[in-house]
Amino acid sequence: MSNKDFYRQTFSAVRPSDEAIEGIREMTAEKKRGIRLAPVLALAACVVLVLTAAIGTNAITMRMKPMDNSFSLSVYAMDKKGNVTRGEDIVRDGVFQSNTKLTFKWESEELTGSDCAVYTDYDTGFYIESDYVESVTYSCDSGCFNYQNYADDSGCIQINECTPDDEGTPYATSITVLYPEGREAHEVYYYPKKAIDTLLKTKNDDYTRLEGDTIKISVKLRSGEIVRKSIKTSFDKGGYMQMEYK
Amino acid sequence: MTENEFEKALSRNSQRLFLIALSYTNNPYDAEDVMQNTFIKLWSSNNAFDSEEHMDKWLTRVCINECKDVFRRLFRTRSVPLERAYDYPVNDKHFNIDLFNAVSSLSKRERMAVHFFYYEDLSIGEISEMTGIRESTIKSLLSRARKKLKEKLGDDWTDEQ
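So the sequence lines, in the order shown, correspond to chains B and A.
Oh and the first sequence: position 158 is 159 in our numbering, straight run, nothing missing.
Oh and the second sequence: position 139 is 143 in our numbering, straight run, nothing missing.
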């Protein structure tokens, strides 16, 4: 038998699940229903938008009123079920107002599951919001960063240091986020690459031995002042990542 | 596009797109997501296709782009399959688990080159056009992959190109 026949025979037997195919039919059926529901949903969306705008304006005003060199640093993690752990620190005159210790839930049950794929779903991010920030540089030793740029302006991100893995996927070990006037919202994701690579290679469930990291955040304010913060990460017995402000 | 046309496209391409996505992602769950997103894009598109072949090529390109998005979303989801994680047809007499595992152990780009060459029956030039990877790179990926498959499969994998 030729290699082509051998390959085709084997892979012709591999099929997507019936559920996945049925899912496509359901999703396309929903889209059809969506057209009929569009006017009602549009009205509902308007109401939500108005409410959100009102709430959002209040929140930002409350945050930014006191000082002209303040900014808020939010650190958060979302697990696969959408549960969010979030910590927020207000920085005034270059001083962080709290020394927070946060524990981020890792889907440890999934990691040790035996009847399905192992998922290391991770969504740990930083979000710095201010009118007074010029740029923020994030760097780390054994993890990497990605970002979500709401302003859809990729020019706001500079990759400073990047390490490709075996397959050439770039991992940014240091990035700088620029904050031009009028562009405030950037989320930066942190991914504990070395720890997860170790876990995937060894299937070791002793999470406390996984590599921790030090994430350094350097915030340059428009006044020229630079505020630095380090966040130390580690893993507890349950596989939950700890982040501790230093 | 009518529902009938969509159903035909689904039955003609679902397995094919799933396998292309599997060759990129090496993960059946991600591959199913990619396949689903590709068909949703077909349903939502207003493209007028000249022929079934035209539509199938368009679907392949969309599928490849969706696969690339999976890697862009790497930071949000990482997964690794366990043994017996997915309902592979291990009892099917045509399914060779050794070949399947040997292909799974190739690098992402080697898997993709092998799949387009051996399953989709594309020429090196066509693979290059479809994936945006240079022909010389495709040749060297295929050469490396063949060597690895030969090492793992022995006489089951012949020396032919």
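You may find that some hints are simply not true.
[Claimed, not checked] Restricting the straight-line Cα-Cα distance to at most 30 Å, the calculated cross-link-like pairs of lysine-lysine (DSSO-like) are:
1. B:Lys-195 / A:Lys-97
2. A:Lys-152 / A:Lys-72
3. A:Lys-143 / A:Lys-112
4. B:Lys-5 / A:Lys-97
5. A:Lys-61 / A:Lys-112
6. A:Lys-156 / A:Lys-112
7. B:Lys-195 / B:Lys-238
8. A:Lys-97 / A:Lys-12
9. A:Lys-154 / B:Lys-5
10. B:Lys-230 / A:Lys-151
11. A:Lys-97 / A:Lys-152
12. A:Lys-151 / A:Lys-97
13. A:Lys-45 / B:Lys-195
14. A:Lys-97 / A:Lys-45
15. A:Lys-143 / A:Lys-12
16. A:Lys-156 / A:Lys-72
17. A:Lys-97 / A:Lys-112
18. A:Lys-156 / B:Lys-238
19. B:Lys-238 / B:Lys-221
20. A:Lys-12 / B:Lys-195
21. A:Lys-97 / B:Lys-221
22. B:Lys-195 / A:Lys-61
23. A:Lys-154 / A:Lys-45
24. A:Lys-143 / A:Lys-154
25. A:Lys-151 / B:Lys-5
26. A:Lys-72 / A:Lys-97
27. B:Lys-230 / A:Lys-152
28. A:Lys-143 / B:Lys-230
29. A:Lys-156 / B:Lys-195
30. A:Lys-156 / B:Lys-217
[Stated by the list, open to error] The calculated label-pair distances, taken between Cβ atoms and stated as ranges, are:
31. B:Lys-5 / A:Glu-56: 35 to 43 Å
32. A:Ser-49 / B:Thr-209: 31 to 39 Å
33. B:Ser-219 / A:Gly-158: 25 to 33 Å
34. B:Met-2 / A:Asn-8: 20 to 28 Å
35. A:Val-94 / B:Thr-199: 26 to 34 Å
36. B:Asn-161 / A:Pro-93: 25 to 33 Å
37. A:Asp-125 / B:Ser-219: 35 to 43 Å
[Said to hold, decoys possible] Away from chain B, derived, C-beta distances all over 10 Å, residues of chain A:
38. Lys-12
39. Glu-56
40. His-58
Simulated from the structure, these hints should not be mistaken for lab results.
We put the beta carbon where it would ideally sit given N, CA and C, even for glycine.
Each hint tested on the structure:
For the suggested pair B:Lys-195 and A:Lys-97, the alpha carbons sit about 40 Å apart, so the restraint of at most 30 Å is broken. Restraint check: the Cα-Cα separation between A:Lys-152 and A:Lys-72 comes to about 25 Å, which is no more than 30 Å; the hinted pair holds. For the suggested pair A:Lys-143 and A:Lys-112, the alpha carbons sit about 15 Å apart, so the restraint of at most 30 Å is met. For the proposed pair B:Lys-5 and A:Lys-97, the alpha carbon gap of about 17 Å is at most 30 Å, so the pair holds.
This hinted pair checks out: A:Lys-61 and A:Lys-112 have alpha carbons roughly 21 Å apart, not beyond 30 Å. Restraint check for A:Lys-156 and A:Lys-112: the C-alpha separation of about 17 Å stays at or below 30 Å, so the hint holds. Of the pairs offered as hints, the one joining B:Lys-195 and B:Lys-238 holds, with about 18 Å between alpha carbons and a cut-off of 30 Å not exceeded. A distance of roughly 28 Å separates the Cα atoms of A:Lys-97 and A:Lys-12; the hinted pair therefore holds under the 30 Å criterion.
Under the criterion of a C-alpha separation no larger than 30 Å, the hint pairing A:Lys-154 with B:Lys-5 is consistent with the structure, at around 14 Å. Distance hint between B:Lys-230 and A:Lys-151 is unfulfilled; the C-alpha atoms sit about 50 Å from each other, more than 30 Å. The suggested pairing of A:Lys-97 with A:Lys-152 holds, with an alpha-carbon distance near 24 Å, which does not exceed 30 Å. Taking the CA atoms of A:Lys-151 and A:Lys-97, the gap is near 26 Å; set against the 30 Å cutoff, the hint holds.
Of the supplied pair hints, the one linking A:Lys-45 and B:Lys-195 is violated, its CA atoms being roughly 35 Å apart against a limit of 30 Å. With a C-alpha separation of about 35 Å, the suggested pairing of A:Lys-97 with A:Lys-45 is violated against the 30 Å cut-off. About 34 Å separates the Cα atoms of A:Lys-143 and A:Lys-12, which puts this hinted pair outside 30 Å; it is violated. With a C-alpha separation of about 28 Å, the suggested pair A:Lys-156 and A:Lys-72 falls inside the 30 Å cut-off, and the hint holds.
Distance check on the hinted pair: A:Lys-97 and A:Lys-112 sit about 27 Å apart at the alpha-carbon level, within 30 Å; holds. With a C-alpha separation of about 38 Å, the suggested pairing of A:Lys-156 with B:Lys-238 is violated against the 30 Å cut-off. Our distance criterion of 30 Å between C-alpha atoms is broken by B:Lys-238 and B:Lys-221, whose separation comes to about 36 Å. Simply put, A:Lys-12 and B:Lys-195 have alpha-carbon atoms about 45 Å apart, too far for the 30 Å limit, and the pair is violated.
Between A:Lys-97 and B:Lys-221 the CA atoms are separated by roughly 64 Å; this puts the pair beyond 30 Å, and the hint is violated. The hinted pair formed by B:Lys-195 and A:Lys-61 fails the criterion: a straight-line CA distance of about 39 Å is larger than 30 Å. Using a Cα cut-off of 30 Å, the hinted pair A:Lys-154 and A:Lys-45 is violated, with the two alpha carbons roughly 38 Å apart. Proximity of A:Lys-143 to A:Lys-154 is assessed by CA-CA distance (about 16 Å); at most 30 Å being required, the pair is judged to hold.
At most 30 Å may separate the alpha-carbon atoms for a hinted pair to count; A:Lys-151 and B:Lys-5 meet this at roughly 15 Å. As the CA atoms of A:Lys-72 and A:Lys-97 are separated by approximately 33 Å, the hinted pair breaks the 30 Å bound. A distance of roughly 47 Å separates the Cα atoms of B:Lys-230 and A:Lys-152; the hinted pair therefore is violated under the 30 Å criterion. About 49 Å separates the Cα atoms of A:Lys-143 and B:Lys-230, which puts this hinted pair outside 30 Å; it is violated.
Note on A:Lys-156 and B:Lys-195: the hinted pairing holds, with a Cα-Cα distance of about 29 Å set against a maximum of 30 Å. Simply put, A:Lys-156 and B:Lys-217 have alpha-carbon atoms about 45 Å apart, too far for the 30 Å limit, and the pair is violated. For B:Lys-5 and A:Glu-56, the Cβ-Cβ distance of about 23 Å falls outside the hinted range of 35 to 43 Å, so the restraint is violated. With their beta carbons about 50 Å apart, A:Ser-49 and B:Thr-209 fall outside the hinted range of 31 to 39 Å.
The hinted range of 25 to 33 Å is not satisfied by B:Ser-219 and A:Gly-158, whose Cβ atoms lie roughly 56 Å apart. Look at B:Met-2 against A:Asn-8: about 38 Å separates their beta carbons, and that is not inside 20 to 28 Å. A beta carbon spacing of about 30 Å between A:Val-94 and B:Thr-199 agrees with the range 26 to 34 Å that was offered as a hint. A hinted range of 25 to 33 Å is violated for the C-beta pair B:Asn-161 and A:Pro-93, which are about 47 Å apart.
Separated by about 53 Å at the C-beta atoms, A:Asp-125 and B:Ser-219 break the suggested range of 35 to 43 Å. Consistency note on A:Lys-12: stated as away from chain B, and its beta-carbon is indeed over 10 Å from all of that chain's, at 13 Å minimum. For A:Glu-56, the shortest C-beta to C-beta distance to chain B comes to about 18 Å, beyond the 10 Å cut-off, and the non-interface label holds. Residue-level check passed: A:His-58 sits 21 Å from the nearest beta carbon of chain B, beyond 10 Å.
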